[in-house]
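First to last, the sequence lines map onto chains S and Y.
Note that the numbering used here gives residue 31 to position 31 of the first sequence, counting from 1, and the numbers run on in steps of one.
Note that the numbering used here gives residue 210 to position 210 of the second sequence, counting from 1, and the numbers run on in steps of one.
Heads up, a few of these hints could be off.
Capping the alpha-carbon separation at 25 Å, the derived lysine-lysine pairs in DSS-like fashion look like this [claimed, not checked]: (1) Y/245 / S/22; (2) Y/259 / S/52; (3) Y/250 / Y/232; (4) Y/250 / S/52; (5) Y/259 / Y/232; (6) S/22 / S/52.
Derived list of chain Y stretches under chain S, where covered just means 3 residues or more per stretch with a C-beta under 8 Å from a C-beta of chain S [claimed, not checked]: (7) 46–57; (8) 135–148; (9) 154–166; (10) 172–186; (11) 228–242; (12) 245–258.
For the record, the hints were derived by calculation from the structure and aren't laboratory data.
All figures in this text were calculated on a predicted structure; none of them were measured in a lab.
C-beta atoms are modelled at their ideal positions from N, C-alpha and C, and glycine is treated no differently.
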Amino acid sequence: MSVSVRIPTILRTYTSGSSEVKAEGATLREVIASLESSYAGIAARILDESGKLRRFVNVYVGDEDVRFVEGLDTATAEGAQVSIIPAVAGG
Amino acid sequence: MSLPPLVEPAAELTVEEVRRYSRHLIIPDVGMAGQKRLKNSRVLVVGAGGLGSPALMYLAAAGVGTLGVIDFDVVDESNLQRQIIHRQSTLGLPKAESAAATVREINPLVDVVVHNTALDNDNVMEIFSQYDLIVDGTDNFATRYMVNDAAVLLGKPYVWGSIYRFDGQASVFWSEHGPCYRCLYPEPPPPGMVPSCAEGGVLGVLCASIGSIQVNEAIKLLTGIGEPLVGKLMVYDALEMSYRKLTVRKDPECPLCGKNPTITSLLEDYEAFCGAVSEEASAAVAGSTITARELKDMQDRGEDIFLVDVREINEYEIVSIPGATLIPKGEFLNGSALERLPQDKKIVLHCKSGVRSAEALAVVKAAGFSDAVHLGGGVLAWVNQIDPTLPSY
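Let the sequences and hints guide you as you build the complete structure.
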């Protein structure tokens, strides 16, 4: 499945400034692996050392937070939009 | 989901008030009743900074009867690019006072309450309890978690906004009707992982984009109109000019507002919860921190040091310490910087204020450069103590 992934400003150093990139995968886990193969280092900003989603980064498939669906096993349909939303504190 | 108004209407509007607020009064959804509710409202804005500036100004113009402003800082030149409530003429004054002066200029009918102090564990409950609604415009994770916890414990709604470079987020957290900040972000990022605006920058006008959403939501909550951003996260991308509204669910396992809460009072230490620097970094800098004066003396004596600036290139271009080589912190974290470090020289690291260089120092020491040090206070200390002709930022 080909999905599009929204990259927040804070992670665009990995994608040469691109705000939206393509990735492949039938689940979020596969999509993140696909991202990592294209943009080395980006997975570690989303997943912790044990491979779980970091608690200060939210990942949405469509407009649903995957933490409340099936986490990394959440299905990503063809054309789905995946959004990475990290906590920022600026004010 | 629409919610009932947060505030009861004031008894009446004066003739002067009717003249001033006429453009609100003729909107059917606001009308006299809505404007009287605003008049009776007590709103606290936490932080008179980027978000607090437009928020305070629009809340004042809208006729919120009592407007509290809390900030411990003073107005600095680097604030004026975005903190539009402050002026050239108020440089050096307390931000709370400077903001209050502008509010009075915009609308003398507003009763401004100045809290010229830092919000902390000892005063947050007492201060919040004086208000109907809180607008969060703070600039750090520690204060944001404290604001959230206090608001949930007091049952107060608050309007949250956050910005970085070109990205903004906003939501309404009200545990009685929806999720809280801990449901959205259960834990703060480890120190050094997410840069602040002081480190990463922020587009000035982004403050208005997000601050105005916060005021919009505040007015809706106070007057009970529309669909408040409860259980929703607004995500704004200024470069794409896109707004996206995402769902935020109440987490049944939330330690604060979930079914079986384990947090039933404020944490003892929010700074420690968020960690000013990581444990590795604090261990690395112990006994390995030098002052700007010591660095200057080392250079003047011709000591064989390798000075590394771990900031980003645009910061390096603003101001740098003579003789420094730029290797951004990210290259230490991914390990690629290490091969560029000479084995036969003493490594001295610096950044803007000493936080990022502490993180990099932990990596450098772990790689065997045991006599490496970092500059406490960073390039700002250098400018301050060694060469005040250089710019600060």
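The hints, checked one at a time:
1. Y/245 / S/22: holds, 21 Å
2. Y/259 / S/52: holds, 24 Å
3. Y/250 / Y/232: holds, 10 Å
4. Y/250 / S/52: Holds, at roughly 21 Å.
5. Y/259 / Y/232: holds, 20 Å
6. S/22 / S/52: Holds, because 22 Å separates the two Cα atoms, which is no more than 25 Å.
7. 46–57: holds (count 5)
8. 135–148: holds (count 7)
9. 154–166: holds (count 6)
10. 172–186: holds (count 3)
11. 228–242: Holds: 5 residues of the segment 228–242 of chain Y have a Cβ under 8 Å from chain S.
12. 245–258: Since 6 is at least three, the answer is holds.
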